[in-house]
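Asker: Top line first, the protein sequences correspond to chains P and R.
Using this note's numbering, you'd call the opening residue of the first sequence number 1 and step up by one each time.
Using this note's numbering, you'd call the opening residue of the second sequence number 1 and step up by one each time.
Straight-line alpha carbon distances no greater than 20 Å define the calculated SDA-like cross-link-like pairs of lysine to any residue that follow:
1) R:K23 - P:P77
2) R:K23 - P:R113
3) R:K23 - R:S13
4) R:K58 - P:T82
5) R:K23 - P:R119
These are calculated hints, taken from the structure and not from any lab test.
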Amino acid sequence: MSRRRVLKAMAGGVGTVATLSVVPVRSVSAVPGIPYWMTDLVVARLGSTELAEGRVILDLPSRADTGLSVPLTVSVPDSPMTDEDHVRSLHVMTTRNPQPLVTDYYFTPASGRAQVSQRIRIARTQYIYCFALMSDGSRWMTARHVSVSLGACADEIFLPDARDAARDQR
Amino acid sequence: MSEIRIRKSVPGSVRRGEVFEIKTLIAHPMDNGFMYTRGGVRIQRQIIHRFEAVYNGKTIFQADWHVAVSTNPFISFFAVAAESGMIEFRWYDDNGEVYTDSAEILVT
Numbered sequence: 001m002s003r004r005r006v007l008k009a010m011a012g013g014v015g016t017v018a019t020l021s022v023v024p025v026r027s028v029s030a031v032p033g034i035p036y037w038m039t040d041l042v043v044a045r046l047g048s049t050e051l052a053e054g055r056v057i058l059d060l061p062s063r064a065d066t067g068l069s070v071p072l073t074v075s076v077p078d079s080p081m082t083d084e085d086h087v088r089s090l091h092v093m094t095t096r097n098p099q100p101l102v103t104d105y106y107f108t109p110a111s112g113r114a115q116v117s118q119r120i121r122i123a124r125t126q127y128i129y130c131f132a133l134m135s136d137g138s139r140w141m142t143a144r145h146v147s148v149s150l151g152a153c154a155d156e157i158f159l160p161d162a163r164d165a166a167r168d169q170r
Numbered sequence: 001m002s003e004i005r006i007r008k009s010v011p012g013s014v015r016r017g018e019v020f021e022i023k024t025l026i027a028h029p030m031d032n033g034f035m036y037t038r039g040g041v042r043i044q045r046q047i048i049h050r051f052e053a054v055y056n057g058k059t060i061f062q063a064d065w066h067v068a069v070s071t072n073p074f075i076s077f078f079a080v081a082a083e084s085g086m087i088e089f090r091w092y093d094d095n096g097e098v099y100t101d102s103a104e105i106l107v108t
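The shape of chain P in the complex, shown without the other chains:
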């Protein structure tokens, strides 16, 4: 076997591994169902928990050094944003922040594009959800997992007190 052949075989092998590895990664990042306690919040905003997966894009880093300021972009890129067909609202919620609500965005056809960027606080590694309500009444959702590194000052000032304070309130 010549050197060239070996290299070719290796390149082919790498390609196969890469294509194969896509499948498990996708299945791992499958959108988890919403937690039971989030039901009320979702119903209050969308009217029901009958949600279809897709259309909403939740863009944020999968790893964050500090949870104090994580860039977040939510969008519904395939919406034409016309009077007949537009995104009414987008809602971002967290599973393990002291308070699940993050932001609620309300659009009009004059918004032109259903896309918003902000920076948010994430207390610890968890799933972030985004829900969309369309003008035709359909409801869509997506979720992303975010790892927040430990040891950042964010954990000292945001996390433990946050949990204690939440407990005190109950």
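Take the given structure of chain P and dock chain R to it, following the hints.
Answerer: Okay, now just chain R, sitting in the frame of chain P:
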């Protein structure tokens, strides 16, 4: 808090019907009510809980913010260029204050 600082980025002129991006940033501590001073005193919640963009008198975009929004909230969103005029931004503080700023827009 009269010295609140606001920064905004709005294109000076856009073509009619074009979708353009608006960015704003307001200096605000966004105290989430979960933090304590070194002396152990709890810092009361004081955040901006609502943001609005009003284009020639019509609300085109609105956001409700909760405690998970970072300090000095930045927001970027879009609008369709309809008529020349003013875009007004309003931030509603928990203490009842409303901070406003506006930008002129020229539609060609």
